[in-house]
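Quick note on UniProt numbering: the sequence shown kicks off at 1 and runs consecutively.
The reader is advised that the hints may include incorrect statements.
Claimed, not checked - Distance windows between CB atoms, simulated:
id, residue 1, residue 2, range
1, M47, R157, 29 to 37 Å
2, E154, S9, 28 to 36 Å
3, S185, K36, 34 to 42 Å
Keep in mind the hints are simulated off the structure, nothing from the lab.
C-beta atoms are modelled at their ideal positions from N, C-alpha and C, and glycine is treated no differently.
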Amino acid sequence: MESDSCEVSWQEHLTHFLRKRGYDADFIAAHLDNLKDLKREEKESIMRDKAAWSEAARSDPDTLTLDEFLAFHHPESSHGAILAKVEELLYFLDTNGDGALTKEEYCQSNQGAQLTQCLQERFLEVDQNADGKIERRELVLYRDPRHPHHSRLEADRLFAAADTDADGSLSLPELLTHSSLFVSSKMVDVAGSFHNEF
């Protein structure tokens with residue numbers, strides 16, 4: 001990635017892909033435009049990447065800006081992708097069309113009282129200024145993977161999976177028995193979560 005332009009070209013991405021698979025510079029230079037000597041699974045992976053690249057590229061099909069690159073590799077981190085999800089949510093739930101969600105709009109569900117109670121609790125968490133409605137800005141902040149609620153949800157998931165005797169606390173044997181669960185968590189293995197592409 002060129003730091004002064006903040007863009008990544010398809011050829012840079014493909015070069016990185018091939019280098020990670022152990023190919024030398026001469027092989028890479030000879031195969032950027034011709035993939036015939038690659039293994040079948042490598043070709044398939046490149047074709048999947050090319051399709052995702054085309055989806056992410058909004059201005060130039062051969063280069064991605066930083067936000068487009070995030071959308072390509074990590075759509076959950078892309079501001080554009082987050083905005084698209086928020087707009088979709090507003091489209092389906094904002095029945096009065098005011099660009100914000102009331103508690104009734106956010107919690108509309110035919111799936112029972114337990115789910116409705118959960119949604120009401122989440123509504124209070126998303127409604128940061130406690131004005132009784134969730135605005136677009138609050139939804140964007142809440143959907144951002146850096147929002148603290150993602151860490152709380154992951155901690156709850158890990159705790160529930162490791163607390164095998166359901167006593168509400170984790171003992172050393174439970175931690176040791178489920179150590180791989182904790183080590184593989186995206187909250188612990190950040191580098192693994194982001195695929196080490198930088």
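Results for each hint:
In this structure, M47 and R157 meet the distance hint of 29 to 37 Å, their C-beta atoms being roughly 34 Å apart. Between E154 and S9 the C-beta distance comes to about 35 Å, which sits within the given range of 28 to 36 Å. The beta-carbon spacing between S185 and K36, approximately 41 Å, falls within the hinted interval of 34 to 42 Å.
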